[in-house]
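Q: Listed below, chain by chain, are the residues.
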Amino acid sequence: MSAVIDHGHAGHDHHGPAKGLMRWVLTTNHKDIGTMYLWFSFAMFLLGGSMAMVIRAELFQPGLQIVQPEFFNQMTTMHGLIMVFGAVMPAFVGLANWMIPLMIGAPDMALPRMNNFSFWLLPAAFTLLVSTLFMEGGGPNFGWTFYAPLSTTYAPESVTFFIFAIHLMGISSIMGAINVIATILNLRAPGMTLMKMPLFAWTWLITAFLLIAVMPVLAGCVTMMLMDVHFGTSFFNAAGGGDPVLFQHVFWFFGHPEVYIMILPAFGAISSIIPAFSRKPLFGYTSMVYATASIAFLSFIVWAHHMFTVGIPITGELFFMYATMLIAVPTGVKVFNWVTTMWRGSLTFEAPMLFAVAFVILFTIGGFSGLMLAIAPADFQYHDTYFVVAHFHYVLVPGAIFGIFASAYYWLPKWTGHMYDETLARLHFWMSFIGMNLAFFPMHFLGLAGMPRRIPDYNLQFADFNMVSSIGAFTFGVTQLLFLFIVIKCIRGGKPAPAKPWDGADGLEWTVPSPAPYHTFSTPPEVK
Amino acid sequence: MGILLWLAFTTPTRAEWTVNMAPGATDVSHAVFDLHMTIFWICAVIGVLVFGVMFWSMLVHRRSTGQEAAHFHESTTVEILWTAVPFIILVLMAIPATKTLIDIYDPSESELDVQITGYQWKWHYKYLGQDVEFFSNLATPREQIDNRAPKGEHYLLEVDEPLVVPVGTKVRFLITAADVIHSWWVPSLAVKKDAIPGFVNEAWTRIDKPGIYRGQCTELCGKDHGFMPVVVEAKSKEDFTAWLAERKQAAAAERELTSKEWSMEELMARGEKAYNTTCAACHQPDGTGLPPMFPALKGSPIATGPVQGHIDIVVNGKPGTAMAAFGKQLSEVDLAAIITYERNAFGNKVGDMVTPKDILAFKQAQE
Ligand code: HEM
Ligand SMILES: [Cu+2]
Chain A
27 MSAVIDHGHA GHDHHGPAKG LMRWVLTTNH KDIGTMYLWF SFAMFLLGGS
77 MAMVIRAELF QPGLQIVQPE FFNQMTTMHG LIMVFGAVMP AFVGLANWMI
127 PLMIGAPDMA LPRMNNFSFW LLPAAFTLLV STLFMEGGGP NFGWTFYAPL
177 STTYAPESVT FFIFAIHLMG ISSIMGAINV IATILNLRAP GMTLMKMPLF
227 AWTWLITAFL LIAVMPVLAG CVTMMLMDVH FGTSFFNAAG GGDPVLFQHV
277 FWFFGHPEVY IMILPAFGAI SSIIPAFSRK PLFGYTSMVY ATASIAFLSF
327 IVWAHHMFTV GIPITGELFF MYATMLIAVP TGVKVFNWVT TMWRGSLTFE
377 APMLFAVAFV ILFTIGGFSG LMLAIAPADF QYHDTYFVVA HFHYVLVPGA
427 IFGIFASAYY WLPKWTGHMY DETLARLHFW MSFIGMNLAF FPMHFLGLAG
477 MPRRIPDYNL QFADFNMVSS IGAFTFGVTQ LLFLFIVIKC IRGGKPAPAK
527 PWDGADGLEW TVPSPAPYHT FSTPPEVK
Chain B
72 MGILLWLAFT TPTRAEWTVN MAPGATDVSH AVFDLHMTIF WICAVIGVLV
122 FGVMFWSMLV HRRSTGQEAA HFHESTTVEI LWTAVPFIIL VLMAIPATKT
172 LIDIYDPSES ELDVQITGYQ WKWHYKYLGQ DVEFFSNLAT PREQIDNRAP
222 KGEHYLLEVD EPLVVPVGTK VRFLITAADV IHSWWVPSLA VKKDAIPGFV
272 NEAWTRIDKP GIYRGQCTEL CGKDHGFMPV VVEAKSKEDF TAWLAERKQA
322 AAAERELTSK EWSMEELMAR GEKAYNTTCA ACHQPDGTGL PPMFPALKGS
372 PIATGPVQGH IDIVVNGKPG TAMAAFGKQL SEVDLAAIIT YERNAFGNKV
422 GDMVTPKDIL AFKQAQE
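Heads up: the sequence lines are chains A and B, in that order.
Here the first sequence stands for residues 27 to 554, where the numbers follow this note's numbering.
Here the second sequence stands for residues 72 to 438, where the numbers follow this note's numbering.
If we strip away everything but chain B, and leave its shape as in the complex, we get:
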């Protein structure tokens, strides 16, 4: 077994048959990797010794070779020895582990703060103090998941908008969740931290090289737990600054849309898109839902009833169920578009139209 393990860990491997952790892209991930390899080798050596003795015994001390059983059955010296020696080995292991842990637990002196919020089933990133925030959704098309199209290289590990961070900068993550517990993991950064509703957890990273680093949610969070990847794009400092400026402008443009006059067609088109990224996971693309957990919208009393009730449930959610309060998650434009879409798609023919201004008015009336 020891030899097999050794072979497995030392022969050059093709991507598909990866057998070991990757050293990663940060100082911390390298430290963790070294720690991992150290413990692994300690275990391997102990294993070879213990199993060696066992196999020797199994080969040599067999009755079929005419072996007479010895009768010894205790020795305090030996017992003390094999209690003390492992204890010392453990202490030796604990020293580097403690050092690395202390390092990981020090998020001070960060240069950029990003708030990460887990939602069922997407991530939200907010650059604190920068006025830039967005959701990051799975980008793999449904056809690939349902085996109707060939799967791409980054199958299930691709998103519409990655988290962008600058290299050579200490980035602090403030991690929380809006519904159930999620966990934000990027193996190459050796950052895994649970996103817990009502708590804010801290983690940090400093990435050396520009590149794209992929990970996934690692805490079971319901139906689409396997479908909420994390993608981090590390850019050079200049590229990052340019990107941030661009995002700020885009955000300003988005806000202006609220006061624009919208036509039914525009709202329906935008609504369909927003519905499919935000609502379809539960209520399904054709609005039939997955009852009873996720009710159908097709012909539903709310989606075909008075408009105020419809706006209310989308903006405020329904406590005690998986229906989140989207008022805080989506822009007025998207809320208006989605509600309009839901009232006029899947055979719901209410015919009315909700504009971004209606949403704004609703929200203001609530305050």
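So here's chain A without its partners, still in its complex pose:
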């Protein structure tokens, strides 16, 4: 097999990247585009993160100190939007671009020009979105869930730009998803059957279907808003015969699958990393695939668990409660499989494994709070309090974000050809781990004690935990600059990485040299 690959490279080595800036503007190379997605995502992570710092600084003490409520609301809204659409989603698309062709033995993504376009839409979309902060009346201030009529009749004028930005992001995501599906279904190397694919390819395939199913719904949702704002329709306006609750149904029909869009690719990456550092094959591959598919299916029929308090009839309430509780079953199966993979392995704890293990533990804690939230009568007490904030940060920060960090450390040697600095990377892990738990664990307590979310100021009884939480958030925030340093250091030099730097790792990506040449698998490898 390796002879074939080597031959492939030799024939194509002269095909290097173009020089200068135009290389990046015009590139159709999956590695270049993957790199751009990852850098873009990291930039958005820092931008959204600095907004979180503003939020936590204001909440450090009771009373209004740093910002006024109008601006505070813009910060919470932009933080959410930027993290969801700018940091987490593009990071996964970046990983997909880099790794899926390498994992399935394809020479590139199936639709390289579209790939270029779907990336370059993103800087445009986010420039537009962020520019609203400087407009008269300010940027979006209605929360990342932008419930009507606060986001229509009562919105700042910049809402039109917000809608346009969401459209661009949606188009970009849909094109990215089409590309992933086309690549996986058409470009697998001979012998790479679907059930032999690494789980990352599987979870991304399923994610891509989710994206194609729900991004148009989001687009429909913002289009209805646009009509209400500018063309006198009343989709969401009760006074005109419309229905504000319709907005929430449409939004969450997109929104719940969306939260799985943000976690499934991480599930896939973790399913490669844990076996690699346990030196033992993944336990229950088949059940992992089925569990992912069931989660994806269930994610379409649970949306109203975000709306337990809007007053849906009791039958609806019960249906959505039961369906939501059911999601815990396949989610549990995944966790049990990871734990069993580790069981009687030969474990080492390099940075990717540290992040992966923390992922399993902390994501599970987020799953527990999710299960609590699924119980409708109890959700009446939790809903729209800091308990929900704690829940989704536990699934998104140590879930999605740690999954991304674990992937980055795992594949950095392949991307750069150098080993990253292990000591610094472990420091990055421990600081992130401590900071993140300090920031988000107390939020459970705050929510249970009765603190609503999205408020700029609070009663004195919430003061202590808020201060702890802010300190944790600052720790987590500063630590991410260390990550930037580690990555730059790794790009510029370091111990040369062998083709397969992790002795327990498995997969086609480790059969090509490090750094991966500009063109790989021009001749498909053969998979036995």
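Any given hint could be a false lead.
Across the chosen pairs, the derived CB separations fall in these ranges [said to hold, decoys possible]:
1) LEU220/A x ASP105/B: 43 to 51 Å
2) HIS101/B x HIS275/A: 27 to 35 Å
3) THR186/A x GLU214/B: 36 to 44 Å
Beyond 10 Å from chain B on every Cβ pair, some chain A residues (computed) [as the list claims (entries may be wrong)]:
4) ARG139
5) ALA150
6) TYR180
7) PHE323
8) LEU352
9) MET445
10) LEU486
In case anyone wonders, no lab produced these hints; they're calculated from the structure.
Computed from a predicted structure; not experimentally measured.
Don't be surprised by glycine CBs; every beta carbon is placed ideally from N, CA and C.
On the provided structure of chain A, position chain B with the ligands as indicated by the hints.
A: Only chain B with the ligands this time, still in chain A's reference frame:
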């Protein structure tokens, strides 16, 4: 982690470091609390088991201890087992949850009906069939929010007029909103229901003990979302009846004021007060507003222009903007006072005066 959690939930806590939900003051809130604790403990036990296995593995199955990796990688029996067992646990959890939910969803046989309307950024309470209604505004002084005065115990959780209800009585709430979506929440009653324009949601409570129960709006509703608390005062049945009678009298007295002859000074004094509770959140106490969302009144063409236009916008609002139709919210007296105040304060020196009778005439002409 499990032990930490256990410690956190069982050690006696000081008020500031509250880590758990409070059992509350009604049967429903107790049922919800029990449900919460049940699921919590189920999760905690599962967590201890799963994390226990993981930590064992992380400590024992390390390469540094010379561990050789095993090679097993699938077992259908195990997979079926850990699909079925959680499923059964979930069914067991769903049973009490369903019971409690059915109970919460039964507002029938109420003895008192209160309509609750959310406004940006205050609550309006109306005792149906009793002719008593009022707004409930945040009572915390601005100085405390801006850190110019020490904060009181009930900082941000205090209002000028709480909702008063009798104990031992099934009170039904009919919840709606006038502008954007709000949500009415009192943790001790375990009542949280969204207030949605164009919809009327039902909820109910029966409070056992007299006392004051505090909560907040829990749906982002704009700028002052964090500043519209809910306060419920439960009184004994006798005290409640007395209170209601008193309120009815006060309402009658208020209506008489409409026909009274008002002087400029009286109107200005009353107007300043009413302006500050009702209008200042958006148009600001000094009338400079927060343009462009909330325009300035100082020197504005409407506040310094023809009086009819001014009355019109205050009474009917401006559709498509945050300017509400205050004609339905405020008494004629307050409308007159506010309009007079706006025309003659912040350096606006129109000099004319609007009386409650003018407002009445305007409203009648509209009908
Ligand atoms: C066992 C699995 C899970 C269950 C049962 C669950 C359940 C819930 C429920 C019931 C809510 C609504 C809470 C409320 O607003 O009152 C919620 C909120 C949320 N969940 Fe989950 N969840 C699970 C996993 C996840 C995952 C994997 C993610 C994302 C990676 C996620 C992200 C979110 C987000 C972002 C929100 C809040 C959205 C908002 O209101 O801003 N959840 N979850
Ligand atoms: Cu959801």
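Q: State for each hint whether it applies.
A: Right, here's what the structure says about each hint:
1. With their beta carbons about 47 Å apart, LEU220/A and ASP105/B fall inside the hinted range of 43 to 51 Å.
2. For the pair HIS101/B and HIS275/A, the supplied restraint of 27 to 35 Å holds, since their beta-carbon distance comes to about 32 Å.
3. Take THR186/A and GLU214/B: their Cβ atoms lie about 39 Å apart, and the range 36 to 44 Å holds.
4. Remark: the non-interface label on ARG139/A is consistent with the geometry, its nearest Cβ contact in chain B lying 40 Å away (cut-off 10 Å).
5. ALA150/A, annotated as away from the interface, keeps every beta carbon of chain B farther than 10 Å; the closest lies near 26 Å.
6. The claim that TYR180/A is not at the interface with chain B is violated, since a C-beta of that chain comes within 10 Å of its own (minimum 5 Å).
7. No beta-carbon of chain B is positioned within 10 Å of the beta-carbon of PHE323/A; the least distance is around 15 Å.
8. For LEU352/A, the shortest C-beta to C-beta distance to chain B comes to about 7 Å, within the 10 Å cut-off, and the non-interface label is violated.
9. Listed as a non-interface residue, MET445/A keeps its Cβ farther than 10 Å from every Cβ of chain B; the least gap is roughly 18 Å.
10. Non-interface call for LEU486/A relative to chain B: violated, since the shortest CB-CB distance, roughly 6 Å, does not exceed 10 Å.
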